[in-house]
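Engineer: Chain by chain, the residues run as shown.
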Amino acid sequence: MKVAVIGIGSTNFGEHWDQNLRQLAIEAGTKAILDGNIRGRDLDAIYLGNMSAGRFIGQEHVGAMISGELGLSIPAIRCEGACASGGLALRQGLFSILSGQHDIVLVGGAEKMTDLMTDGVTSSLMGAADQEWESYYGVTFPSLYAMIARRHMHEFGTTREQMAKVAVKNHHNGILNPVAQFKKEITIEEVINSPMVADPLTLFDCSPITDGAAAVILCKAELAKKYVEDPIYIVGSGQASDTLALHDRKSLTTMNATVKAAQEAYKQTGLTSKDIDLAEVHDCFTIAEIVATEDLGFCKKGEGGKLLDKKETEIGGRIPVNTSGGLKAVGHPVGATGIKQAVEMVLQLRGKAGKRQVKDAKLGLTHNVGGSGATAVVHIFSR
Amino acid sequence: MGHESSVPLFWRLIKSRYQLIGTKCTTCGNVFYPPKYLCPVCRKEGKLEDIKLKKTGKIITFSIVRSAPSGFEKEAPYPVAIIELDDGPKLTSQIVDWKEEDLKIGRKVEACFRRIYTDGKEGIINYGLKFRPV
Amino acid sequence: MIGIVGYGGYIPRFRIKVEEIAAVWGANADSLKKGLNIEEKSVPSMDEDTATISVEAALNALKMAGIDPKEIGAIYIGSESHPYAVKPTSTIVGEAIGCGMEYTSADTEFACKAGTAGIQMAMGLIQGGYIKFGLAIGSDTAQSKPGDALEYTAAAGGAAFIIGKNNIVAEIEGTYSCSSDTPDFWRRDTVEYPSHGGRFTGIPAYFKHVISATKGLMEKLSLKNTDFDYVVFHMPNGKFPIRAGKMLGFDLNKLTHGLVVKKIGNTYSGSSPLGLCAILDVAKPGERILITSYGSGAGSDSFSIKVTDLIEEKRKNARKVQDYIDNKEYVTYARYTRLRRGI
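Residue numbers (the numbering used here), protein chains in the order written: chain U, 1 to 383; chain Z, 1 to 134; chain Y, 1 to 343.
Please keep in mind that the hints were generated in silico from the structure rather than gathered at the bench. There may be inaccurate statements among the hints.
[Claimed, not checked] Under the rule of at most 25 Å between Cα atoms (straight-line distance), these lysine to aspartate or glutamate pairs were calculated in the DMTMM-like manner:
| id | chain 1 | residue 1 | chain 2 | residue 2 |
| --- | --- | --- | --- | --- |
| 1 | Y | K262 | Y | E20 |
| 2 | Y | K263 | Y | D68 |
| 3 | Z | K55 | Y | E71 |
| 4 | Y | K215 | Y | D227 |
| 5 | U | K301 | U | D199 |
| 6 | U | K301 | Z | E84 |
| 7 | U | K250 | Z | E110 |
| 8 | U | K220 | U | D42 |
| 9 | Z | K74 | Y | E192 |
| 10 | Z | K121 | Y | E109 |
| 11 | Y | K17 | Z | D97 |
| 12 | Z | K15 | Y | E71 |
| 13 | Y | K63 | Y | E171 |
| 14 | Z | K58 | U | E132 |
| 15 | Y | K132 | Y | E171 |
| 16 | Y | K316 | Y | D281 |
| 17 | Y | K70 | Z | E122 |
| 18 | Y | K145 | Z | E75 |
Given only the sequences and the hints, what does the whole structure look like? Please build it.
Structural biologist: And the structure:
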């Protein structure tokens, strides 16, 4: 497959008390439209990734809301797959072009989370887990990933320090990213000593609660150069599902959905993990990045922690992971994350990532997960 | 109305939650808890019937929730765990009557009947099974 | 022969010592301990209540009885702390232990004798041939106003009895009750804590009814003090039952084993029932037990219970009351307050 990304746009990510969901989405959307040198009327459809405007702000029907704000009456739809909503929207946008149905589409991701208090956000996010058999018992997302972490430590000897290194690395990258929520160095000690959220995960092991939006303009490959000189292409897309509840998984330390989605994308492109120059992976919690690097094939199962010890996932390393700062430092406005990852990838492949630029980046992979691993979407981008 | 949680939503699962009743597929022999309505292994060839499970098992992973979701604030911190029942299926619940040394992978536990959630001053009380170390 | 087919108790794990409470209120722990003859009391977890305690006790009783719960034809749960004012605890318990739908049930309230009243109700239905087995439970998570004298004794716990005619571990030889309108201890609807009449709760209330019922029972069954091996009265504290025993002329050693109040406090509707269970855990076939409950408001149910040969084998199947008494963790007053604020 080959679909062009001709425009990208993003709001700053953080606590936006002054902005509602509409404003965030429109800001990212119009930036992408301008960046793509198109006009609003060139758009054929809108795909919006948004996990839970219904619970966060009492608003459903957000696809139509955005098209209305843009003054367009084109098809608009919200895609939902918990934290993978953005990646799913990207895939749906992709398919609409590959099917020949549309030529140019706006794919956005947006989430407004800070209108609720922390306990309300924690509860709403648990909509991504099994309501009847996990959320019912007072389980939270940090505790689900903490249980994965404890199992990973038990099976492979992964250490607390290795998990902390994910946060340190991503914070370091975040300083170099203008849109990041956190632009502050942190140390391993600070991570380990920050308040415990769900043993063994501390506050700094967890991605924050964030407002934000990101958008890309997808365009039929043959038309791309009509609008921009340097289109970047999506050449592979994979998606897979796994059981909703963590306790139903075959393994607590492998996300099978990630493995399968990645295999599908690699197969489509004829590439392997060794061909990938950089990756944006779903680090909702530090342990998630470790597991993801294993499941995406960047290292053997169980060795994700060692990648950090050997500094292989830093910007200058063998396989830079989360050059944007990841979910950890950029923030995780749930539905926006998948598109934020795409925006970062396009910037990198354009050579426009400034101080966080990976040298000679040609092939990049984005990885977006829903819940504790029930949905995974992988895209491969190419110059 | 005076209460927030859904009554039918809770009531529907009382039997399987209170008595640890799952489903067993007579075609492939797999046992499921929480109960499945379609055998995910056999799909249309599957035949499911109710099965009451033994209330004993062991912890296979755990954490302690310190930042609680709405409605559970008063109880935090509390441990949650994935428990493998002796009959096979794995489920998620809280651990009660615990000491530091009980929170261990492999620790044997048994189910006990406890309050899970109380819907404010006016709503119904949700009960269910939590697990205590034996 | 009608009797107990299976029995079981449950006491929550946490305990708070008299000293711990006394320190907060600047009271003299030693004189309280002597005056009340109690050392510590049980405290329920935030997620425990009368329903959860009843379920645990009932499951123990079921294990001992070895019957299919669907054969239970009636469930009566007596408590002063039912989780709902309107919505029966008995159906929550019935569902949790697997009784199906074919049973009658009701919650009862008669202060601390609500549980023993349930035993009588079950006996009636069985003797009348209406049901095969009945489940009667006395269970409470007693509330007390902070700083009030009751705070040292108001505890949590419960006991369940499966009554029937088949394979009984103990025969109920007879029962005798007395009731009167004596307002010694009460709680108005929607009020959080009970009120009481101070010293009025003694002679005109507790002693009058416990003594009358016990004497009435012995007369009815032509039994004398020496016919009993164990005696248990309702235990609002560790002093009243001993005094009642003295007044009735019993050898006070017979009260020792059932005097669970010293280590767990007054479990209200669970009080004499738990004392009975503790005795049944050690009694030998042929031994005879006297139990007289007392409920404020006021009334007493007295029973004569004779242990059968089946008890030694069957009681191996359920957890013993002493086990629950010994399995404990102490809490500070601060933690006690947090636990009691409840969910």
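Engineer: For the pair we were handed, K145/Y and E75/Z, check the Cα-Cα distance against 25 Å.
Structural biologist: holds, 22 Å
Engineer: Checking one constraint from the list: CA of K70/Y to CA of E122/Z, max 25 Å. Satisfied?
Structural biologist: Violated, because 32 Å separates the two Cα atoms, which is more than 25 Å.
Engineer: Does the alpha-carbon distance linking K215/Y and D227/Y stay inside the 25 Å limit?
Structural biologist: holds, 13 Å
Engineer: Given the hinted pair K74/Z and E192/Y, is their alpha-carbon gap at most 25 Å?
Structural biologist: At roughly 20 Å apart (the allowed maximum being 25 Å), E192/Y and K74/Z satisfy the hint.
Engineer: Holds or violated: K132/Y with E171/Y, Cα cutoff 25 Å?
Structural biologist: holds, 15 Å
Engineer: Verify the proposed pairing of K15/Z with E71/Y, using a straight-line Cα cut of 25 Å.
Structural biologist: Distance of about 18 Å is within 25 Å: holds.
Engineer: Please work out if K63/Y and E171/Y have their alpha carbons no farther apart than 25 Å.
Structural biologist: holds, 19 Å
Engineer: K55/Z and E71/Y: Cα distance at most 25 Å?
Structural biologist: holds, 21 Å
Engineer: Is K121/Z within 25 Å of E109/Y, Cα to Cα?
Structural biologist: It holds: about 22 Å lies between the C-alpha atoms, which stays within 25 Å.
Engineer: Given the hint that K301/U pairs with E84/Z, does the C-alpha gap stay at or below 25 Å?
Structural biologist: holds, 23 Å
Engineer: Run the distance test for K250/U versus E110/Z: straight-line Cα separation, threshold 25 Å.
Structural biologist: holds, 23 Å
Engineer: For the pair supplied as a hint, K58/Z and E132/U, confirm whether the alpha-carbon distance does not exceed 25 Å.
Structural biologist: holds, 21 Å
In summary, the structure is inconsistent with hints 2, 17 from the numbered list given earlier, while agreeing with the others.
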